Amino acid sequence: MDYINAIILFSNYILIPGLSYGCQLALGALGVTLIYTVMRFSNFAHGELMSFGAMISILIMWCLKDIGVSIKPLPTIIISLPISIIITVIFCLLIDKLCFSYYRKNNSQSVILLIVSIGVMFFTNGLIRLIIGPNDRNINDGERFLVKAKTIKKVFELNEGLSIKMSQGITIVITLLLVTFIFWFLNKTKTGKSMRAYSDNKDLSLLSGINPERVILITWIITGMLACVAGTLYGLDKSYKPFTYLNLVLPIFASAIVGGVGNPIGAIIGGFVIAYSEIIVTFAYRKFLSYLLPDNFLSDGLMQILSTDYKIAVSFLILVIVLIIKPTGIYKGKLI
Amino acid sequence: MILNVSKISCGYENTKIVENCDFYLKKGQIASIVGPNGAGKSTAMKAIFGLLPLFEGKVYFNNEDISYIKPQDRVLKGMSFVPQTNNIFHSMTVEENLEMGGFIRKTGVKETIQQVYKLFPILLEKKNQIAENLSGGQRQQLAFARALMTNPTFLMLDEPSAGVSPIIMDELFKKILEISKKGVSVLMVEQNAKQALKISDIGFVLSQGKNKFIDSGKNLLSNPVVRESFLGG
Amino acid sequence: MKNIKERIWLTYTAMTCLLLFVAFFQSWNVALSILNLCIISAIMSLGINIQWGNSGIVNFGAMGFTALGGLCAVIISMPLTKGAWEIGGFKIILAIIIFLIFIFLANRTWKFYKNSPKKKICFGLLIFLIGFLILRIIADPVIHAIESYEPAKTGYLGGMNLPVIISWPIAGCLAALIALLIGKIALGLRSDYLAIATLGISEIIIYFIKNEDWLSRGVKNVNGLPRPVPYEIELQNSAWLINLSEKFDFSLVVMSSITVKLSYSILFLLVLIIIFIFLETISKSPWGRMMRAIRDNEVSAGAMGKDVKKRHLQVFIIGSAIVGIAGAMMTTLDGQFTPASYQPIRYTFLIWIMVIVGGSGNNYGAVLGGFIVWFLWVESEPLGLWLIELLTSYLEDSSELKNRLLDSAAHMRLIMMGLILLITLRFAPKGIIEEQKRI
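From first to last, the protein sequence lines are chains Z, F and W.
Take the first sequence: its letters are residues 1 to 336, numbered as in the working numbering.
Take the second sequence: its letters are residues 1001 to 1233, numbered as in the working numbering.
Take the third sequence: its letters are residues 2001 to 2439, numbered as in the working numbering.
Source of the hints: derived by calculation from the structure; they are not laboratory data.
Watch out, some of these pointers could steer you wrong.
To be verified - List of simulated lysine-lysine pairs, DSS-like, C-alpha gap at most 30 Å:
1. Z:K188 to F:K1118
2. F:K1027 to F:K1181
3. F:K1058 to F:K1046
4. F:K1026 to F:K1174
5. F:K1210 to F:K1027
6. F:K1118 to F:K1007
7. Z:K326 to W:K2310
8. W:K2120 to Z:K97
9. F:K1058 to F:K1212
10. Z:K97 to F:K1106
11. Z:K190 to F:K1046
12. Z:K202 to F:K1046
13. F:K1027 to F:K1198
14. Z:K202 to Z:K190
15. W:K2120 to Z:K311
16. Z:K105 to W:K2111
17. W:K2153 to Z:K311
18. F:K1175 to Z:K190
19. F:K1181 to F:K1212
20. Z:K202 to W:K2430
21. Z:K190 to F:K1127
22. W:K2005 to W:K2430
23. Z:K326 to W:K2114
24. Z:K165 to Z:K72
25. Z:K190 to F:K1126
26. W:K2402 to Z:K241
27. F:K1212 to F:K1198
28. F:K1077 to F:K1058
29. Z:K311 to W:K2220
30. F:K1181 to F:K1058
31. F:K1127 to Z:K188
32. Z:K72 to Z:K150
33. F:K1058 to F:K1016
This structure is a prediction, so every number in the text was calculated from the model and none was measured.
Produce the complete structure using the sequences and hints provided.
Next up, the structure:
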């Protein structure tokens, strides 16, 4: 029985939270990777694009609530996603038209585009605060839990109860759908393949008659979609606070780089690697081990590798280590 | 005349590399441009395909002036180009490479892929492999195959035998002959001048950016001056 | 050449006028506090500029070096917490020394197994982990004890009780040391990755400072750092100031705080001038010429036998040290050290905007950029308020839209900074003052 308790404790505090956080990071990293492979620059504004998407979702949700729409037990924000995706995509296209396209035409260095993306980051961040304000907002108005700890405890007569938050369930399902769609698109459709061809060999794709502007358009559409969904899911899971998205940029870059730059599968794997290492390194194992080991084997401490305060720093640490040891990432990406 | 290039000059920025050169060939012929390193062979080739702007001169394709149109539009008119390096999509499978080669076409891509496989059976064998994992010769065949996907009437090859072993080189030249037998005219730039001139109907010897000799492949091979100065005796 | 000189004169005069405008229309106090931070910003901007403008190194770690500077100011100037030190000061130092020895060993092993990546990683990591474990075993209980020693008042080891000004050069040295370590491992990366890596490292530094309470008091902040200049209260009792205030018929309180700020300004200006002259001298020297040659064509400079990597490391260290000095100055000015306030937007990206707007590659531009951007950063809120008031003046005071807009004026600064950066990059990519052509 103790083993089952330990397993449930493990999945409660490591497996499931890691899975949903990993999904959010993976979606973000996929967006960063697509921009990088097609346009060859690191988009520092991606976190703000996510935040923008989440904000639009919230605004639409408020409108929907005003007219009395509700899909309990699911949170209302889910049905605002389609419209907010469209608006986020339009925003991305506008930004590209006004900011990035000029430098692309001039064949600017990628670092210039990176600095431009910082300008976009400032602007978007300010815009978001202007529209919705800097406050913390809880946007989950549906049922809080998909599986309640109490019920599991009672039914199976265990010390530990398995609980899955509604937001976690939704995150996992939507990520699965979206990622499947994107991989189908990239590998099976002609347009998707032309995107890959363009990112693989720009000159040759021009010789084959692939239209670069169209590839870039499609890339921004997918990126906008990913950013909007990832941002909304992150807000749903934690709570919506505009400035948290800025701090999400680095874990996202870490995921993209750890997985292998420019490799979409790598981006997804990287997301999970980062998410799980953050949680595993900062988890207090005392209770978990108390189920598995005899009492006298345990020490007094929390049995933590690093204090919980260092949670996000872990992702930076992994990022730095990977950049130094194996810059191509887990999946062989483009050489740095 | 499928291609008639008259008195072109071209180069990079302000440096003229090719001056007053003529190139021409008839339907179904193979032509090669040979000459020492730095003679401007590849530069001329790029200018003919529109990858470099022309300073002077005209390029006629099927008697139509195409001197100032984009490379993509030249592809639509039936020209195709195989660059010397980076001529395949490394991260994609062989079949995807071919599909991308035929990107510009709306219909008939599948049929063309089958025809191309008949010409290059090795590619059919490896059709689901990632191009990066092919051998050097296979990659070069894939590059030819990709260029043939647009059903071109005129194929341009930039140093097709660069960096492959002599045995594979022979095989590649055989393939080029086969391609031309299908009615595709071929213009190539070659380092291995002897080999190239053997299969060429017409050859252009370039030196310091200027036409030195224009003659049939056979005549050039037997011309003592050409042999002495350009073919290494 | 002449044109650029004129432009420098013009823009510098305009900047002075702007500050004087604030002095006369808002107050001297506001103008001087803006000026002080303008000077600090200018120094930071000089530090980043020598890296980016002179050699194309993308350092997004300014935040980390600023915080290190701040930490230095705390450690140098604060009084020693005797009780905490007696509990375990030596033990902590011992643990750190042992850890450093293990890192050194790991490094040696790493180099020893150069040719087999698997052994290299396995053994290197193993030795590092053992070191880390020993560090934790020795230090954890001591740290706990120190942190619970009068946590409301101290809870940290304290400092050396030296004059705070000493911390400025020491902050530069500390930042240089850390920059040496970072540069050794990260400078081989291409620009994008170097940017991300330095940003990541600077975040790690901040996390360390935030959470290692025994060293820096963490998020509990350190308040009341000793000043290099007199306190207002002292001044208010000093005869000469009382005389002066009577003479000019100025409030004594205002007079004293202006005097304090002015003395800070003079100190800071002195540092700025020293650093500026230093940078101008080295950029005119053969070393500076070589740096620019490397920037303009890394490959050919490398082919000519210039040791590109070594030069990059040197410039990375110099730039980071300058940022570290500015960080210590800033904490000195604030009189407190608040680790939670270090945000990349304010301490990394804003500095970059300064460099780009001022004109990368020349020191006059970097200083100007620091002044202008900081001025706008501070003044954007009143400016935004004024603008919105103007635009909505036809609306009634109770109008919801107007109140909403007035509330949001505070967020205008981010939008404005973004726009300034984007517009500069688009229409004046060389910045306000272009790099002079020097041969």
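Output the numbers, in ascending order, of every earlier hint that fails for this structure.
6, 8 and 16
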